[in-house]
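Start from the sequences, fold in the hints, and give me the full structure.
Take 1360 as the starting number for the sequence shown in the numbering used here and just add one per residue.
The hints are simulated quantities; they were obtained by calculation from the structure and are not laboratory data. Take these hints with a grain of salt, some might be off.
[Stated by the list, open to error] Computed list of lysine-lysine pairs in BS3-like fashion (alpha-carbon distance at most 27 Å, straight line): (1) 2275 <-> 2219; (2) 1682 <-> 1670; (3) 2279 <-> 1836; (4) 1550 <-> 1858; (5) 1550 <-> 1744; (6) 1858 <-> 1870; (7) 1631 <-> 1683; (8) 1738 <-> 2335; (9) 1952 <-> 1929; (10) 2033 <-> 2005; (11) 2129 <-> 1846; (12) 2255 <-> 2154; (13) 1858 <-> 1868; (14) 2289 <-> 2279; (15) 1836 <-> 2154; (16) 1929 <-> 1836; (17) 2219 <-> 2271; (18) 2321 <-> 1480; (19) 1572 <-> 1631.
Just so we're clear, the structure is a prediction, and the values are computed from it rather than from any experiment.
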Amino acid sequence: MGLTNRRKMNRTRNHRAAELARNFSETFFAGSQARPSIVSFLIFVFAWLPAKGADDFQHKLQPVFARHCVKCHGGEKVKGKVNLKEIANAGQFLAKPELIKEIIDVIDAGDMPPEDEPQLKPADRAAMLTSLKSMLQTAATGQVAKRNPPRRLNRFQYNNAVRDLFQLNRDVFALSEKLMTRETIYLNAPKMPERVNARSLALHPTGGMREVKPFPQDLRASHGFDNQANQLTLSPLLLDAFLRLSVSIIESPDFNKDSVGIWKTFFEEPAKDADLPAETRRRIGLFLRQAFRGPVEPATLDRYTDYALSKLAQEMPYTNVMKKVASAALSSPLFLYHYQATEPALRTYSLASNLSFFLWASSPDTELLELAESGDLAKPEVLDKTVERMLADPKIERFLDSFPSQWMQLENILAATPDPKLHRYFSLDKQPPASLQMLIEPLLLFDAVFVENRPITELVMPAFSYRSDFLNDWYTKDLKPPNVDRKRVEEENKPKVAKRRKAEAIAQKAKDELEEYVKSIPSIIRKTADELDLAPGQTRWEAAQLEALSNNVALSPWHRIGPFGEGDLKKAHERAFINETEVDLKRTHGNLKWELAENLEDGNQHQLTGANCSTYLFRTIHSSIAQERELSIGSDDSFKIWINGKLVADKYVSRGLAPNQDKVKVRLAKGENKLLFKVSNGGGGYGFYFKTEAIPLPGDVVSALQSEPAKRSEEQQAALAKQYRSLASELDPIRRETEVNRERLAKRLNEKQDALNKLPKPRNPDDVQKEMNRRFDDEMRGKMRGNEFVRVAAKNRRYGGVITSAAMLSMNNGTHRTHPIARGAWIIEVIFNDPPPPPPNDVPPLIEDAAEDHLTIREKFARHRENPDCAGCHSRLDPLGFALENFDITGRWRDKYPNGRDVDATGTLLRKYPFKDVVKFKESIVTEDKRFAKAFTSHLLRFALARELTPSDTLTVDQIVKRTAADQFRLKSLIKEVIRSDRFQQPD
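As structure tokens, this is what we get:
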């Protein structure tokens, strides 16, 4: 065929293609009933493609499919639900952009053909990818772009939008989705500080306004984010929650002139000379423009203004009226939903909202709305300048609070529960477990990459990390308290033991001397008594006692039992520890028994021992006649008194001890009366005071006195002689002398005992070890609560970066062992943006048989991979997960498994990067910087568009990656290119 004829045919082909495209456009936009299917359109388009497109499919792709693909994707049993035999021509292929993208992904990643099938030559792979991407471009050109549907504000965005709208000085409610709280200001600095303060309050969020009724936190979409429209439904229950929420915000005690920045310009009553209707309309118009993120229709403004004026006419206070207006606006779909404008004149408002919700997770500010109103925001130079302003604004913190944590799926670390028996320091402190320290490290790294605009590959293998003292210990130390040096302790004990033995001997000698002297006092007094004539004095004493007995009472010495412990004063006061109405002095109560307490003299204050307890005192009172007596009582704290088994006094009180605090009148029967006195105490020391006009004489003495002198038995005479001798004034000099000597010896004993007590005691090595353990635990608890993170150089390259952070390594495991599949799935999803499909329902679990404890995890999985249904995913995930096997379930390094077997972390990345350890593994990922950049950009674009990506979005991602390659894929460059993309600026 001649060149002229060939040119004529091409002109005819191009003319007919243009005509078809024009006819399709007219039909497509005429109405939904007349729209042909997109597949039919693509087939028509392909029919008039340049010959090269058909040649690519016929001569390049189909032969490769036949050689490498149809065996699995076209035979009797089709794998992956992809049957390439059904695609007979290029038109049918172009009608499946999702399939084209999937084929590009698996070939580019080296996943296809499978390992056990003939492989593509590098040149063939490159040519095939070029053809496929060209065809995807063609398919995407004819594909109707996915419309961004209206989406409800999620909880984080709602909080920020309300806060910005009212210029509140606090959050609306506590936000558990905010995983890191920065306590150092640095986001607008050119470089991150060497030391920053940050902490995670995710488990115990603080702040918020009182009496506000928040709605539940919105969950992150699978392989996505919590701002996606398909996640943000609005059920009737949630709608009701929004209505109640808007009212509770406005009515909160924290919503006032001190906390609301627009109080004076919106809520405060205008000046008296102001045109009230006009001023109210003006205020509402400005407020609604900000709340609804764009121009307000006159009818809407009229409706809000008429409502306000009607309430004012009813004499409702101005501030209350405007509160109701504000509450109504917060409940409006125009506030709750983010819409994409369809009218060209309003598209700049949509762009303003897209920008603000992407970077600030909130509504546009006044400057953005003004640029949208003027249309200047659509100008590239103005847009670039605006983005620079927004990136430097403090509100950019909200982007850093939402995107990185969701991209890395860090919320999962909060649910990590490694076995505390094996990893006790992970949850040593339940309030701030180790996970709260761990999640801060990758977030601070992301902050640094953002602030310093570093290449995103530094998220994988940075030259530094931000670590707390706790994380430094976690990565580099064995987390064991130091072992006690027993020999050293024993050597240190030797001089202590020698000194104490010498001091003990001296103290013992002083004690023996005192005890010997005390034992000799009765004989000394007796000897003196024998040398004196005590008969005249005893006769006078007996006569006086007989006279007193005729009108008075005689009290026996006290018996005492206690203390009986109880939880607090009230319980001790109320509980009966003994039979309180029938006292039996012979009965024991546990380890306690009644004891004679002759030293408790009436009229003195007596101290008792114990806390939150009770002590009982018992005595008999002999009365010669039936009579009333008054008892003087003092107690610390409460007391009860029984006379002859009857409760006569019950006082529950907390107080200190003093004489004569209470007067208790009692009725004594003629003869012997039984008195039971209970004293109960709360905290600290306690005691009692008791006094009555009585002669405290023993019963046998009283009995002897009441007998006629001539008829007294020898026992009675001896009792009287003993009683008189104990108080005879004739013996006072010798008593004073013996007391002086006793006090001298007691003082000497106390001095020697004090000297002994001051000497250091020898230490038990076991006690020393326990103390060292306790101090180590306390030190670790203190570090777990620390909030200072220091920039440290990544000297050991096995650490650093999001992949080998303790957060990622801890959250993708079970409670007892590592889960390589979960770790591999995280890498392939987060780092490569290529999430694996869910496992089939009939895939058997990994057998955890005790008989296989001698195997490594890799060996156990090798058996699992023998199942054909498991092999496909394992071939992709295993190399990624096993590369991290040197890290245990809490992210700590190990060279061996608990069974003693060596850890094998070798593998091959993407079938072309063999690695022997995790350092080489991370280096391989960095080598594939373009692949990582494409994956990261896909995540970023999905977050920016707030929806799932379509195959045509892949072309946008490719353009962004291409434009940022020369700049080493720096983070801010990627963000700016996402914003510059047509897909972001014109999402419809």
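A quick look at each hint next to the structure:
no., hint, verdict
1, 2275 <-> 2219, "holds, 20 Å"
2, 1682 <-> 1670, "holds, 11 Å"
3, 2279 <-> 1836, "holds, 23 Å"
4, 1550 <-> 1858, "violated, 62 Å"
5, 1550 <-> 1744, "holds, 21 Å"
6, 1858 <-> 1870, "holds, 18 Å"
7, 1631 <-> 1683, "holds, 22 Å"
8, 1738 <-> 2335, "holds, 14 Å"
9, 1952 <-> 1929, "holds, 24 Å"
10, 2033 <-> 2005, "holds, 10 Å"
11, 2129 <-> 1846, "holds, 17 Å"
12, 2255 <-> 2154, "holds, 23 Å"
13, 1858 <-> 1868, "holds, 16 Å"
14, 2289 <-> 2279, "holds, 18 Å"
15, 1836 <-> 2154, "holds, 15 Å"
16, 1929 <-> 1836, "violated, 51 Å"
17, 2219 <-> 2271, "holds, 25 Å"
18, 2321 <-> 1480, "holds, 25 Å"
19, 1572 <-> 1631, "violated, 36 Å"
The structure fails hints 4, 16 and 19 (numbered hints given earlier, in ascending order).
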